[in-house]
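Enquirer: Given chain L, work out where chain U should sit, using these hints.
So the sequences go chain by chain: L and U. Residues in the first sequence are numbered consecutively from 1174, following the working numbering. Residues in the second sequence are numbered consecutively from -16, following the working numbering.
Fair warning: there could be bad hints in the mix.
What the hints assert, rightly or not - Think about it this way: if two alpha-carbon atoms lie no more than 30 angstroms apart in a straight line, the pair counts; the simulated BS3-like pairs of lysine-lysine are:
id	chain 1	residue 1	chain 2	residue 2
1	L	K1196	U	K90
2	U	K90	L	K1221
3	L	K1224	U	K90
4	L	K1221	L	K1196
5	U	K90	U	K4
6	L	K1196	L	K1241
7	U	K90	L	K1241
8	L	K1196	L	K1183
9	U	K90	L	K1183
10	L	K1224	L	K1196
Simulated from the structure, these hints should not be mistaken for laboratory data.
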Amino acid sequence: MSHPDDPVFKALADPTRRMMLDKLFATPGLTVGDLVANTGMRRQSASKHLKLLEQAGLVHVEWEGREKRHFLNPVPIREIALRWVDKFNQVQADALIAMKQALEDPDQKNSEPEQAMDSLPEEGIKSPQGPIVTSFFTPIED
Amino acid sequence: MQTPEFYYVILIDAPRTRVWKALTTGEFTKQYWHQTEVQSDWTEGSSVEFLTMSDDGPIAGCIGTVLEADEPSLLSYTWHFPLNPNCAGEEPSRITFQLIDVAGSTKLIVRHHGFANENSTTYQMVRDGWPYVLSGLKTLCEAGSTCDFSMLDQVAGT
Chain L
1174 MSHPDDPVFK ALADPTRRMM LDKLFATPGL TVGDLVANTG MRRQSASKHL KLLEQAGLVH
1234 VEWEGREKRH FLNPVPIREI ALRWVDKFNQ VQADALIAMK QALEDPDQKN SEPEQAMDSL
1294 PEEGIKSPQG PIVTSFFTPI ED
Chain U
-16 MQTPEFYYVI LIDAPRTRVW KALTTGEFTK QYWHQTEVQS DWTEGSSVEF LTMSDDGPIA
44 GCIGTVLEAD EPSLLSYTWH FPLNPNCAGE EPSRITFQLI DVAGSTKLIV RHHGFANENS
104 TTYQMVRDGW PYVLSGLKTL CEAGSTCDFS MLDQVAGT
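Only chain L is shown next, with the shape it has when bound in the complex (with noise of 0.2 angstroms):
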């Protein structure tokens, strides 16, 4: 089974390639040349790698005349992690959705009203999220 975010990974996972994201990162628009620069690197080498990162996304290609300059993409990376950030919203709503339900449809469990009032405190209210509604209301910050 393969996704989406699998050649992100992939490309991620080589220290080299994070050494050379980190110099496009500092740096905007470096050759394949400044970026074996001081590096014992091979050209070949460093070509395989940018062809990976180009791959995942990670690295936008520009050709400024006969050269071809590197840019790091973040976006990619950010949407990683908006990925779990929106599960974990999604833990939330969901905790929030039972909840209304069982405050909605208490004749579910208990055929008298009075009864099923009583008993919500204790059996429908309660939350294995623990402060669901200040997590849920509460922007997350940048």
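Expert: What follows is chain U alone, placed relative to chain L:
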């Protein structure tokens, strides 16, 4: 030493017309772009303003001039923070949005360049902000098609 520039690339599962609308309409930019409403008639030479609504009325924290507008494939304008004393004196930088159709979806390439130098305050201010803005743009364009159908109509201009 070349002056710094950035490229950001993002794939958005929405047609270019919708992405264009989300980039050029204040009603939409305020949902993902630091709550600012963009205002312009998007013709070459016209002004662009990013407005923040305050109790004293709208404040234009970011202003520019349209350099190129070819709906729905290319949009370019200058970018300047006039109210920040640290960079009000800097020459405006430039933003270019390239919208490429990929089988009905959109590949959006954002280029931000023309900064004075690496110490430019504008450069420092925007460099980390773009991925957040673009993630919000993507979510707006994509989720609009599944969640809020009234918004879908407006965004798609149908």
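Enquirer: If a hint holds in the structure, say so; if it doesn't, say that too.
Expert: Each hint, compared with the structure:
{"no.": "1", "hint": "K1196(L) with K90(U)", "result": "holds (25 angstroms)"}
{"no.": "2", "hint": "K90(U) with K1221(L)", "result": "holds (24 angstroms)"}
{"no.": "3", "hint": "K1224(L) with K90(U)", "result": "holds (19 angstroms)"}
{"no.": "4", "hint": "K1221(L) with K1196(L)", "result": "holds (16 angstroms)"}
{"no.": "5", "hint": "K90(U) with K4(U)", "result": "holds (15 angstroms)"}
{"no.": "6", "hint": "K1196(L) with K1241(L)", "result": "holds (16 angstroms)"}
{"no.": "7", "hint": "K90(U) with K1241(L)", "result": "holds (21 angstroms)"}
{"no.": "8", "hint": "K1196(L) with K1183(L)", "result": "holds (19 angstroms)"}
{"no.": "9", "hint": "K90(U) with K1183(L)", "result": "holds (22 angstroms)"}
{"no.": "10", "hint": "K1224(L) with K1196(L)", "result": "holds (16 angstroms)"}
Comparing the model with each earlier hint shows no violations; every hint is respected.
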